[in-house]
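Trainee: Listed below, chain by chain, are the residues.
Protein chains: 4
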Amino acid sequence: MILDLPLQLAEQSPYYKHLGITIVEAREGFAKLRLNFMECLTHPFGYLHGGAVASLADSAGINAVLTMLKDEQKALTLEMKINYLLPVKDTAIFAEARIVHKGKKFALADVDIKNSDDQLVAKAIVTCAIM
Amino acid sequence: MILDLPLQLAEQSPYYKHLGITIVEAREGFAKLRLNFMECLTHPFGYLHGGAVASLADSAGINAVLTMLKDEQKALTLEMKINYLLPVKDTAIFAEARIVHKGKKFALADVDIKNSDDQLVAKAIVTCAIM
Amino acid sequence: MILDLPLQLAEQSPYYKHLGITIVEAREGFAKLRLNFMECLTHPFGYLHGGAVASLADSAGINAVLTMLKDEQKALTLEMKINYLLPVKDTAIFAEARIVHKGKKFALADVDIKNSDDQLVAKAIVTCAIM
Amino acid sequence: MILDLPLQLAEQSPYYKHLGITIVEAREGFAKLRLNFMECLTHPFGYLHGGAVASLADSAGINAVLTMLKDEQKALTLEMKINYLLPVKDTAIFAEARIVHKGKKFALADVDIKNSDDQLVAKAIVTCAIM
Numbered sequence: 001m002i003l004d005l006p007l008q009l010a011e012q013s014p015y016y017k018h019l020g021i022t023i024v025e026a027r028e029g030f031a032k033l034r035l036n037f038m039e040c041l042t043h044p045f046g047y048l049h050g051g052a053v054a055s056l057a058d059s060a061g062i063n064a065v066l067t068m069l070k071d072e073q074k075a076l077t078l079e080m081k082i083n084y085l086l087p088v089k090d091t092a093i094f095a096e097a098r099i100v101h102k103g104k105k106f107a108l109a110d111v112d113i114k115n116s117d118d119q120l121v122a123k124a125i126v127t128c129a130i131m
Numbered sequence: 001m002i003l004d005l006p007l008q009l010a011e012q013s014p015y016y017k018h019l020g021i022t023i024v025e026a027r028e029g030f031a032k033l034r035l036n037f038m039e040c041l042t043h044p045f046g047y048l049h050g051g052a053v054a055s056l057a058d059s060a061g062i063n064a065v066l067t068m069l070k071d072e073q074k075a076l077t078l079e080m081k082i083n084y085l086l087p088v089k090d091t092a093i094f095a096e097a098r099i100v101h102k103g104k105k106f107a108l109a110d111v112d113i114k115n116s117d118d119q120l121v122a123k124a125i126v127t128c129a130i131m
Numbered sequence: 001m002i003l004d005l006p007l008q009l010a011e012q013s014p015y016y017k018h019l020g021i022t023i024v025e026a027r028e029g030f031a032k033l034r035l036n037f038m039e040c041l042t043h044p045f046g047y048l049h050g051g052a053v054a055s056l057a058d059s060a061g062i063n064a065v066l067t068m069l070k071d072e073q074k075a076l077t078l079e080m081k082i083n084y085l086l087p088v089k090d091t092a093i094f095a096e097a098r099i100v101h102k103g104k105k106f107a108l109a110d111v112d113i114k115n116s117d118d119q120l121v122a123k124a125i126v127t128c129a130i131m
Numbered sequence: 001m002i003l004d005l006p007l008q009l010a011e012q013s014p015y016y017k018h019l020g021i022t023i024v025e026a027r028e029g030f031a032k033l034r035l036n037f038m039e040c041l042t043h044p045f046g047y048l049h050g051g052a053v054a055s056l057a058d059s060a061g062i063n064a065v066l067t068m069l070k071d072e073q074k075a076l077t078l079e080m081k082i083n084y085l086l087p088v089k090d091t092a093i094f095a096e097a098r099i100v101h102k103g104k105k106f107a108l109a110d111v112d113i114k115n116s117d118d119q120l121v122a123k124a125i126v127t128c129a130i131m
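Order-wise, the sequence lines are chains C, P, G and Y. Letter 34 of the first sequence, counting from 1, is numbered 34 in the numbering used here, and no numbers are missing. Letter 64 of the second sequence, counting from 1, is numbered 64 in the numbering used here, and no numbers are missing. Letter 39 of the third sequence, counting from 1, is numbered 39 in the numbering used here, and no numbers are missing. Letter 130 of the fourth sequence, counting from 1, is numbered 130 in the numbering used here, and no numbers are missing.
Treat the hints loosely; a few may be bogus.
Since copy identity is lost for identical chains, a pair holds within one copy or between any two.
Below, a list of computed lysine-lysine pairs in the PhoX-like style, where the Cα atoms sit at most 20 Å apart [claimed, not checked]: (1) K70 - K17; (2) K102 - K114; (3) K102 - K32; (4) K74 - K89; (5) K74 - K104; (6) K105 - K74; (7) K102 - K70; (8) K89 - K70; (9) K32 - K114; (10) K114 - K89; (11) K104 - K70; (12) K32 - K17.
No lab work stands behind these hints, which were simulated from the structure alone.
When you get a sec, could you build the whole thing from the sequences and use the hints?
Mentor: Dropping the structure here:
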């Protein structure tokens, strides 16, 4: 079943393991991913590096797209935009990706990244190509 | 001397170490960073995860800005846009960030990310706030 | 009263008049603007030019920010990202901008642009600087 | 000849006429467009509206892509990101778009927007879909 695909991929993704990204939820048009706060993901001053946040946002976007594909289809990230709103320290963060448009060749995911207090720490839009 | 700042920071950055990011060159208005290809940075199919590319682009942008700051100033990434152009496999990548605008409160870095064959694999623009 | 500011500005904006942009609604943290479909805003093939859509999105974003400012404050657009999702022909479009973050120096507006059938035709994020 | 296409389109574009956009130069992988400063394109305080700048950037990007297409191919703007760097008043602006990547389905244009003093007033990246 197609909705299992994100979970299967995530279990096999070396990058997810390296950064501590896990999939919390995946249903049609939606994916929620978690990144644990780890010291190895920080700047010298103890804050989470933006690249880790961007990695989580990108991953959430592509997983939300994967939930909408047919078996033979693939998707990849074409481009991403991200705004960093609040610094992150000592808290897991969660990215919720919602598909706001799906055409034959493209899909667009709107991604909110929040801390464990449910504050918006970053906002991203991810464009995926469907093949 | 201010131009030493990126190098000092990089040596102390847990995230750089975790991803294998090093600073190749930093001079006024320019920074070149390297990311080694490592299996732990890949998707299940063996390609470099976009988040690793974005992490390198963000890091290059902020380092280019750091080369232009006065001693007491700080900078952080406000937002980033990145286009992924070619898949990356079995090659180090290099991000070259050039400051195309520096005001009192903002600076903009134009970032080219290339593989070891000098092909453009991604293109990013990084906006930094100066404080 | 600060909430009158968008309406006052809009009445005095030469560009709004030139493009046919009007403000439908403005309340704290939200602005809805309308662009009428006019032949002078089209490509040779009869579709609305993306620049007109971007103009509406930018205007909606800045107006949503204006609703949240104190009397002496000003705002300007720092950067914008827009995805074009559906072609627009023979229909007015509406941009709904919601402030998803407001700090001391920046605010972020999430902008949905829809046609008169309530279909999402474009999606934008607008970053404004507050002075 | 394919390089004539931008010039032909521009002559027939109602939007270009409405905003005062003209094509200065178009050769393989490059297009330079001009926007005249007109009072009808301004904010209440006399500065050029960002939407007019974005319209010029989008137009430059798509024209640069058009110079690289085969006769039967078409292109449209998929998404655009733009950073506004300097206010514009009483000066024509020029957008120079360079194609930095062209694949089978996508092309990416890097766009510099300058005033008549050759200062960078905005920077954009335009992603076009090729059909």
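Trainee: Now tell me, hint by hint, if it's right for this structure.
Mentor: Going through the hints against the structure:
When the C-alpha separation of K70 and K17 is checked against a cutoff of 20 Å, the pair qualifies neither within a copy, at 26 Å, nor between copies, at 39 Å. Taking the shortest Cα distances, K102 and K114 sit within 20 Å of each other only across copies (15 Å), while inside one copy they are farther apart (24 Å). Within a single copy, K102 and K32 get their C-alpha atoms as close as 18 Å, which meets the 20 Å cut-off; across copies the closest is 24 Å, which misses it. Proximity of K74 to K89 under the C-alpha cut-off of 20 Å is restricted to the inter-copy arrangement: shortest distance 18 Å between copies versus 35 Å within a copy.
Proximity of K74 to K104 under the C-alpha cut-off of 20 Å is found in both arrangements, the shortest distances being 12 Å within a copy and 17 Å between copies. Taking the shortest Cα distances, K105 and K74 sit within 20 Å of each other both inside one copy (10 Å) and across copies (15 Å). For the identical chains of this complex, K102 and K70 are intra-copy neighbours only, at 13 Å inside a copy versus 28 Å across copies, given an alpha-carbon limit of 20 Å. Taking the closest pair of Cα atoms, K89 and K70 never come within 20 Å of each other, the shortest separation being 39 Å inside a single copy and 26 Å across copies.
In this assembly of identical chains, K32 and K114 lie within 20 Å of each other by CA distance solely inside one copy; the values are 11 Å within and 26 Å between copies. Proximity of K114 to K89 under the C-alpha cut-off of 20 Å is restricted to the intra-copy arrangement: shortest distance 12 Å within a copy versus 32 Å between copies. Proximity of K104 and K70 under a CA criterion of 20 Å is satisfied intra-copy only: 11 Å inside one chain copy versus 23 Å between copies. Proximity of K32 to K17 under the C-alpha cut-off of 20 Å is restricted to the intra-copy arrangement: shortest distance 16 Å within a copy versus 27 Å between copies.
The structure does not agree with the numbered hints 1 and 8 stated previously, though it agrees with the rest.
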